Amino acid sequence: MKAYELMVILDPSLDDEARAGALEKIQGLVTKPGGTVDSIDEWGARKLAYEIEGRTDGWYAVMRMHASPEIVAELDRVLRITDPVVRYMLLRRDDLD
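Residue numbering for the sequence shown follows numbering that gives the first Met the number 0, beginning at 0 and increasing consecutively.
Derived from the structure by calculation, the hints contain no laboratory data.
This one's a predicted model, so the numbers in the text were calculated from it and none came from an experiment.
Just so you know, even glycine gets a beta-carbon here, dropped at the ideal spot from N, CA and C.
Check each hint, because a few of them may be wrong.
Pairs of lysine to aspartate or glutamate, EDC-like flavour, derived with a Cα cap of 20 Å [claimed, not checked]:
no.	residue 1	residue 2
1	Lys46	Asp56
2	Lys46	Asp10
3	Lys1	Asp56
4	Lys24	Asp93
5	Lys1	Asp75
6	Lys31	Asp10
7	Lys31	Asp93
8	Lys46	Asp15
9	Lys31	Glu69
10	Lys1	Asp96
11	Lys24	Glu41
12	Lys1	Asp94
13	Lys31	Asp94
14	Lys24	Asp96
15	Lys46	Asp93
16	Lys24	Glu50
17	Lys31	Asp56
18	Lys24	Asp10
19	Lys24	Asp75
20	Lys1	Asp82
21	Lys24	Asp14
22	Lys24	Asp82
23	Lys24	Asp40
24	Lys31	Asp75
25	Lys31	Glu4
Computed beta-carbon distance windows for the label pairs [unchecked claim]:
no.	residue 1	residue 2	range
26	Gly33	Ser12	30 to 36 Å
27	Lys31	Gly53	29 to 35 Å
28	Ser12	Arg91	27 to 33 Å
29	Leu95	Asp56	27 to 33 Å
30	Leu95	Ala72	16 to 22 Å
31	Asp37	Asp75	14 to 20 Å
32	Glu23	Ile51	19 to 25 Å
33	Asp14	Val61	18 to 24 Å
34	Leu95	Asp14	28 to 34 Å
35	Ala2	Thr55	29 to 35 Å
36	Trp42	Asp75	31 to 37 Å
All chains, please: the whole structure from these sequences, using the hints.
Next up, the structure:
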């Protein structure tokens with residue numbers, strides 16, 4: 000398993016319950032096939048550097064995990080089609096292996 004870091008920006012108009020559900024769904028995509036989530040750091044609402052789809056704010060979270068390339072490919076596929084996800088960045092962290 001390799002170390003990865005996922006930063007996700009969620010729609011800020013989501014209520015706390017929907018936001019927690021979206022994060023649980025993302026976490027489940029990693030843990031169900033055998034990956035591990037090391038930490039989730041919720042940064043909260045922040046101003047975006049530029050407007051995205053008419054939004055000027057976003058709700059940020061950073062997840063550190065260990066996963067196989069197959070898990071990461073599926074996570075990438077699902078995040079692209081998940082409505083509450085405004086943007087995301089998935090990085091391989093060689094320094095955390």
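Here is what the structure says about each hint:
At roughly 4 Å between alpha-carbon atoms, Lys46 and Asp56 fall within 20 Å of each other, so this suggested pair holds. For the given pair, Lys46 sits about 12 Å from Asp10 by alpha-carbon distance, which is consistent with the 20 Å threshold. Only pairs whose Cα atoms come within 20 Å are accepted, and Lys1 paired with Asp56 is rejected, the gap being roughly 32 Å. Restraint check for Lys24 and Asp93: not satisfied, since their Cα atoms lie roughly 25 Å apart, outside the 20 Å limit.
The hinted pair formed by Lys1 and Asp75 meets the criterion: a straight-line CA distance of about 15 Å does not exceed 20 Å. Taking the CA atoms of Lys31 and Asp10, the gap is near 25 Å; set against the 20 Å cutoff, the hint is violated. Only pairs whose Cα atoms come within 20 Å are accepted, and Lys31 paired with Asp93 is rejected, the gap being roughly 23 Å. Straight-line distance between C-alpha atoms of Lys46 and Asp15 comes to about 18 Å, which keeps the hinted pair within the 20 Å bound.
Between Lys31 and Glu69 the alpha-carbon distance is near 12 Å, which keeps this suggested pair within the 20 Å criterion. Using a Cα cut-off of 20 Å, the hinted pair Lys1 and Asp96 holds, with the two alpha carbons roughly 6 Å apart. Simply put, Lys24 and Glu41 have alpha-carbon atoms about 15 Å apart, close enough for the 20 Å limit, and the pair holds. Annotation: proposed proximity of Lys1 to Asp94 holds, straight-line Cα distance about 10 Å (limit 20 Å).
At most 20 Å may separate the alpha-carbon atoms for a hinted pair to count; Lys31 and Asp94 exceed this at roughly 25 Å. With a C-alpha separation of about 24 Å, the suggested pairing of Lys24 with Asp96 is violated against the 20 Å cut-off. As the CA atoms of Lys46 and Asp93 are separated by approximately 29 Å, the hinted pair breaks the 20 Å bound. For the suggested pair Lys24 and Glu50, the alpha carbons sit about 26 Å apart, so the restraint of at most 20 Å is broken.
Restraint check for Lys31 and Asp56: not satisfied, since their Cα atoms lie roughly 31 Å apart, outside the 20 Å limit. Between Lys24 and Asp10 the alpha-carbon distance is near 15 Å, which keeps this suggested pair within the 20 Å criterion. Between Lys24 and Asp75 the alpha-carbon distance is near 13 Å, which keeps this suggested pair within the 20 Å criterion. Proposed proximity of Lys1 and Asp82 is contradicted: the alpha carbons are some 27 Å apart, above 20 Å.
With a C-alpha separation of about 16 Å, the suggested pair Lys24 and Asp14 falls inside the 20 Å cut-off, and the hint holds. The hinted pair formed by Lys24 and Asp82 meets the criterion: a straight-line CA distance of about 12 Å does not exceed 20 Å. Distance hint between Lys24 and Asp40 is fulfilled; the C-alpha atoms sit about 16 Å from each other, no more than 20 Å. For a cut-off of 20 Å, the pair hint linking Lys31 to Asp75 stands: about 15 Å separates their Cα positions.
In summary, the hint linking Lys31 to Glu4 is supported, as the alpha carbons are separated by about 18 Å, within the 20 Å threshold. Distance hint for Gly33 and Ser12: a CB-CB separation of about 34 Å, consistent with the stated range 30 to 36 Å. Between Lys31 and Gly53 the C-beta distance comes to about 34 Å, which sits within the given range of 29 to 35 Å. At roughly 31 Å, the beta carbons of Ser12 and Arg91 sit within the given window of 27 to 33 Å.
Hint check: Leu95 to Asp56, Cβ distance near 30 Å, so the stated range 27 to 33 Å holds. Separated by about 20 Å at the C-beta atoms, Leu95 and Ala72 satisfy the suggested range of 16 to 22 Å. Roughly 19 Å separates the CB atoms of Asp37 and Asp75, a value that falls within the hinted 14 to 20 Å. At about 24 Å, the beta-carbon gap between Glu23 and Ile51 stays in the expected band of 19 to 25 Å.
Our hint of 18 to 24 Å for Asp14 and Val61 holds, since their Cβ atoms are close to 21 Å apart. Between Leu95 and Asp14 the beta carbons are some 33 Å apart, a value that agrees with the proposed interval 28 to 34 Å. Evaluation of the 29 to 35 Å hint for Ala2 and Thr55 yields a pass: the beta carbon distance comes to about 33 Å. At roughly 21 Å, the beta carbons of Trp42 and Asp75 sit outside the given window of 31 to 37 Å.
The structure does not agree with the numbered hints 3, 4, 6, 7, 13, 14, 15, 16, 17, 20 and 36 stated previously, though it agrees with the rest.
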